[in-house]
Amino acid sequence: MRQTLRTGAAWAALGLAGSAALAPAATAQEANLVINDEIEIVTRAPAPEHMEYMSEVVSGWEYRSPETQALQMDDFENPGMIGVDNARADFETAMGPDDQSCASCHESPEALEGVRAVYPKWDEAKGEVQTLEMQVNECVTERAGAEPWDYTGDRMTEMVALISSVSRGMPVNVAIDGPAQETWEQGKEIYYTRYGQLELACANCHEDNYDNMIRADHLSQGQINGFPTYRLKNGALNAVHDRFKGCVRDTRAETFAPGSPEFVALELYVASRGNGLSVEGPSVRN
Amino acid sequence: MSRQITLAVALALIGAAAQAEVAPQEVAYGEYGAIETSLSGSPGDPKAGAEVMADRGLGNCVACHAVGALEEVPFHGEIGPPLDGAADRWTEADLRGIVANAKMTFPETIMPAFYKTEGFIRPGDGFTGKAGEEPLPPLLTAQQVEDVVAYLMTLRDE
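Respectively, the protein sequence lines represent chains L and E. Numbering-wise, the working numbering comes out as the position in the first sequence, counting from 1, plus 1244. Numbering-wise, the working numbering comes out as the position in the second sequence, counting from 1, plus 775.
No lab work stands behind these hints, which were simulated from the structure alone. Hints may be right or wrong, so weigh each one.
Here are the simulated DSS-like pairs of lysine-lysine, each with C-alpha atoms no more than 27 Å apart in a straight line [unchecked claim]: (1) K1432(L) to K878(E); (2) K1432(L) to K1489(L); (3) K905(E) to K1489(L); (4) K822(E) to K1432(L); (5) K1477(L) to K1489(L); (6) K1489(L) to K878(E); (7) K1432(L) to K1365(L); (8) K1477(L) to K878(E); (9) K1489(L) to K1370(L).
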């Protein structure tokens, strides 16, 4: 009994700490992210319907320092835009036996506006949920007849950054019902599974403890609307599956592979937790 | 002859030490998760415990818990409750149980188990991302757990 009371008190203390930390964030947030004085980014949005236990979803941009935040406000300051420029050139690079390029089918990268916002997405012909990377590789191999690109290689990540960049400001809106529902459910189960020797689920940090400090790191909600993300930590554009891999590794677990069915499912689920936030990729983070 | 006796005595002593250390799989948790006796069979050293608390490669307890007495260590986290006054709120047996496997006291806690070696989902080989084989080495040795507990027992408000 005494133990139960103490346990209860400990949880109450934790709960109070949690709400105190949240209070300032829940109030005034006028200065939303505007890129190039032009593209307005929604960094706080009402939680999607399937997350009835939370009121608000928040972009990782909100948890970064003012200096890091500023880097994303101007494309000339955003180091991730160098990769976008590389991909813009690559968009017209001929591939395969018939010298096909992305531009052979898609007039310009801008013609792909809106695509990023709805991926991962059910592919009727393939009978599976496809990520944007899978769709690019479908074009590269089946349409152009070229060798597939490495799933998290620079070429792929830069192309995904380009395709994301032309959708910046549009709301993330991945479908989770219909044929995609089974994959979404699988991703949700992974999100709540406590992996590795540290027995940590995504939810332990990014649902239960966002806005708290873990040593020197300010925990975010783990939203992926900003991917690919230029990380100051490694000075490169980072693909979302590489970030997943890093997180699972840090639980002292055996990770899943980038492009694996598990990470595809997890990407769909995590993306759906950001439905309503703006596409931000390429974003800038720590 | 006398060498044989010496050897026999030495082996007996080693045997006694081995018996005194409780293996992770053999730990007896009380109904509420406490562990009554030392896991190493020896008392803990609070000074060594403070180092385990701060070291990112060992306990790294301050990653989640603020500890006023360790203010020289940078960046204390706010995931778990501050540990100031822990010895006023908990017994040594309680603290030993929480450090070894906090889920025996708080079933849903985020806190990792520092003296547990098997029963994990996709156990890894350290931080390599590759598969590990159970039993894994525990995050802390029996003596390191005792050192941390000894340090926590110095954290009193009054």
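Hints, verified against the model:
A distance of roughly 23 Å separates the Cα atoms of K1432(L) and K878(E); the hinted pair therefore holds under the 27 Å criterion. Taking the CA atoms of K1432(L) and K1489(L), the gap is near 16 Å; set against the 27 Å cutoff, the hint holds. For the suggested pair K905(E) and K1489(L), the alpha carbons sit about 11 Å apart, so the restraint of at most 27 Å is met. This hinted pair does not check out: K822(E) and K1432(L) have alpha carbons roughly 44 Å apart, beyond 27 Å.
With a CA separation close to 16 Å, the supplied pair K1477(L) and K1489(L) stays within the 27 Å bound. For the given pair, K1489(L) sits about 26 Å from K878(E) by alpha-carbon distance, which is consistent with the 27 Å threshold. For the suggested pair K1432(L) and K1365(L), the alpha carbons sit about 16 Å apart, so the restraint of at most 27 Å is met. In summary, the hint linking K1477(L) to K878(E) is not supported, as the alpha carbons are separated by about 33 Å, beyond the 27 Å threshold.
Under the criterion of a C-alpha separation no larger than 27 Å, the hint pairing K1489(L) with K1370(L) is consistent with the structure, at around 25 Å.
In the structure shown, a violation is registered for the earlier hints numbered 4, 8, in ascending order.
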